[in-house]
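Asks: Sequence lines, in order, name chains A and B. Once you know that position 86 of the first sequence is 86 in the numbering used here, the rest is easy, because the numbers rise by one and skip nothing. Once you know that position 43 of the second sequence is 43 in the numbering used here, the rest is easy, because the numbers rise by one and skip nothing.
Worth flagging that the hints you see were computed from the coordinates, not collected in a lab. If a hint is listed, it holds; no wrong ones were tucked in.
Pairs of lysine to any residue, SDA-like flavour, derived with a Cα cap of 20 angstroms:
hint : chain 1 : residue 1 : chain 2 : residue 2
1    : B       : Lys273    : B       : Gln17
2    : A       : Lys87     : B       : His244
3    : B       : Lys190    : A       : Tyr124
4    : B       : Lys189    : A       : Asn126
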Amino acid sequence: MAAKHHVIGLFTDENRAAEAAARLRESPWQLQKVFSPIPSHKLTDALKLKKSPVGYFTLCGGIIGFICGFALAIFTSTRWGMIVSGKPVVALIPFFIVGFECTILFAVIANVIGMLTLTGLPRYDNLRYYDPRCSGSHFGLLASCEADGLEKLTGFFQQQGAEVKVFD
Amino acid sequence: MTNDGASPKLTYAQIDQTVLDTLRPATRPYWITIALLFLGVLLGAACWLYQIFSGIGVGGQNNPVAWGTYLINFVFWVGIAHSGTLISAILHLFRAGWRNPIARAAETMTVFAVCTAGLFPFIHLGRVWVVFYMLPYPTQRGLWPNFLSPLMFDVIAISTYLIVSSLFWYTGMLPDLATVRDRSEGLRKKIFTILSLGWTGEHEHWRHFSRTYLFFAALATPLVISVHSVVSWDFALGVVPGWHTTIFAPYFVAGAIHSGLAMVLTLMIPLRKIFHYEKIITLSVLENVAKTIIFTGLIVAFAYSTEYFMAWYSHNVVELETFRWRAVGDYSLQFWIMVTCNTVIPLLFFFKKIRTTIVWLFIISLIVNIGMWFERFVIIIGSVAHDFIPHAWGLYAPTAIEFGIMLGSFCLFFFLFVLFVKHLPSVSMTEIKETAHAGENHGG
Numbered sequence: 001m002a003a004k005h006h007v008i009g010l011f012t013d014e015n016r017a018a019e020a021a022a023r024l025r026e027s028p029w030q031l032q033k034v035f036s037p038i039p040s041h042k043l044t045d046a047l048k049l050k051k052s053p054v055g056y057f058t059l060c061g062g063i064i065g066f067i068c069g070f071a072l073a074i075f076t077s078t079r080w081g082m083i084v085s086g087k088p089v090v091a092l093i094p095f096f097i098v099g100f101e102c103t104i105l106f107a108v109i110a111n112v113i114g115m116l117t118l119t120g121l122p123r124y125d126n127l128r129y130y131d132p133r134c135s136g137s138h139f140g141l142l143a144s145c146e147a148d149g150l151e152k153l154t155g156f157f158q159q160q161g162a163e164v165k166v167f168d
Numbered sequence: 001m002t003n004d005g006a007s008p009k010l011t012y013a014q015i016d017q018t019v020l021d022t023l024r025p026a027t028r029p030y031w032i033t034i035a036l037l038f039l040g041v042l043l044g045a046a047c048w049l050y051q052i053f054s055g056i057g058v059g060g061q062n063n064p065v066a067w068g069t070y071l072i073n074f075v076f077w078v079g080i081a082h083s084g085t086l087i088s089a090i091l092h093l094f095r096a097g098w099r100n101p102i103a104r105a106a107e108t109m110t111v112f113a114v115c116t117a118g119l120f121p122f123i124h125l126g127r128v129w130v131v132f133y134m135l136p137y138p139t140q141r142g143l144w145p146n147f148l149s150p151l152m153f154d155v156i157a158i159s160t161y162l163i164v165s166s167l168f169w170y171t172g173m174l175p176d177l178a179t180v181r182d183r184s185e186g187l188r189k190k191i192f193t194i195l196s197l198g199w200t201g202e203h204e205h206w207r208h209f210s211r212t213y214l215f216f217a218a219l220a221t222p223l224v225i226s227v228h229s230v231v232s233w234d235f236a237l238g239v240v241p242g243w244h245t246t247i248f249a250p251y252f253v254a255g256a257i258h259s260g261l262a263m264v265l266t267l268m269i270p271l272r273k274i275f276h277y278e279k280i281i282t283l284s285v286l287e288n289v290a291k292t293i294i295f296t297g298l299i300v301a302f303a304y305s306t307e308y309f310m311a312w313y314s315h316n317v318v319e320l321e322t323f324r325w326r327a328v329g330d331y332s333l334q335f336w337i338m339v340t341c342n343t344v345i346p347l348l349f350f351f352k353k354i355r356t357t358i359v360w361l362f363i364i365s366l367i368v369n370i371g372m373w374f375e376r377f378v379i380i381i382g383s384v385a386h387d388f389i390p391h392a393w394g395l396y397a398p399t400a401i402e403f404g405i406m407l408g409s410f411c412l413f414f415f416l417f418v419l420f421v422k423h424l425p426s427v428s429m430t431e432i433k434e435t436a437h438a439g440e441n442h443g444g
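Looking at chain A on its own, in the form it has when it is part of the complex (with noise of 0.2 angstroms):
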């Protein structure tokens, strides 16, 4: 089997990478990625990509949050049992602040520990095919092709108006 080539088009306005975009995926090409500098709704809409679950991570440690610092102030208080400022033992409004902050924290946890496992980061060998202009002011679209394949790939680039870089 021939080796595959990573090619990347290079582009400095977001409509071309888009429109790019939007064609290389209706191609033979394999679109792997797409690297943009800002979050771009043009990408978004080309790419046709569905809303981010890492939301479910966020309500489930909200929940997880508000039982467990709820649980907390219950377990504690009735290790003794004894009556406080006039409060029963297990007081509810009090214990709803702890509930409410450990809410916020677990969910806001959970919400980083969605966004990482969702994204698959920290991960450092994913540089290999990546262009150091794409964090400062260029639009890259990462398209993989078999060997035969990369004279095309690289003039439908050059067609789009991007520069381009082969990686292997």
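Position chain B against the provided structure of chain A, taking the given hints into account.
Replies: Coordinates of chain B only, in the frame set by chain A:
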């Protein structure tokens, strides 16, 4: 790629270059500043050490004023922290584009202010080595912290705030850390490679990052309101005249944002000048902060007057006496400094000439900072110095040790901030690019 908006007209490369220029090797004045601030930190640490060995009595706190400058500074620094979250989270939710140039520095201010604030309960403990008693852990005697106490609410709220604001700050910085990585060499490249976690700005990164950032903002907003409410309940849940009032939570939150915005100006104006950020942190951005200070100043003024109204309307002699004494008693100077600095002087920002003149912006921001410190003095000291029983009345003045620790805390905050601005991107390149991309005017 240029910005379609009116101002600032910068290309993406110029934005990167402006920010990356701030990370060049530091000059001698920078290291002298760092050294002086570090000396201040050492002085504060020495005072604290002296207090640990001599006992808490070396501070001026005693009956009836058991909460002195340590609590004043605690509330002051928690307050300062609040505006960072206002700017980074609440204004993000409102899509206020003018917050982008100052959001990073404001978030950093939040993190360092919470760290500084968090030291004061430790300092005030006296026997700091038993601080772990506050943690809920199983002991031989089966003792647990009392979660009915507002002090325990505080432990949980401040710890949560520190963790959340630190994660918010770091996560938001990932794309910029990658930008620095891509333009560095040698050891710095290695460090930023680790710090940026392998961020490449690929579509899957942005897809999850944008959503995560939105949830961060949505969660930080109620948190920031809850944290200073909880701090206010440290006082409001005590049956002390001048403290025991339901207005305390919104009053504290408004005051916190008021002081935090002033500190944002205090930090941003020199930062803008020293690092040549004039094209990014435009005058319009500073003007918008000044306008917000007018708004928060008016809320604070309303809170001050409401307290007097409630004391009058209650017909409670103790409340009436407390508030009469505040205005004309032993601490009346501090009271009038508070009123003038926080509510009268910020009104000068109604004049466009004043709120668009850098020198005035800086001077008024310093005045509001001073006023807000005195607000905490008036609230904390005033009420317990003059409560129910005349024979228990007494006065309080900070000792040299307390002044040393206070100076140390200010030096610590500025020391951390000055270290930050030279070693990490102090303006979010990504968000400025987004603003430029959207063609927004930074003036809002």
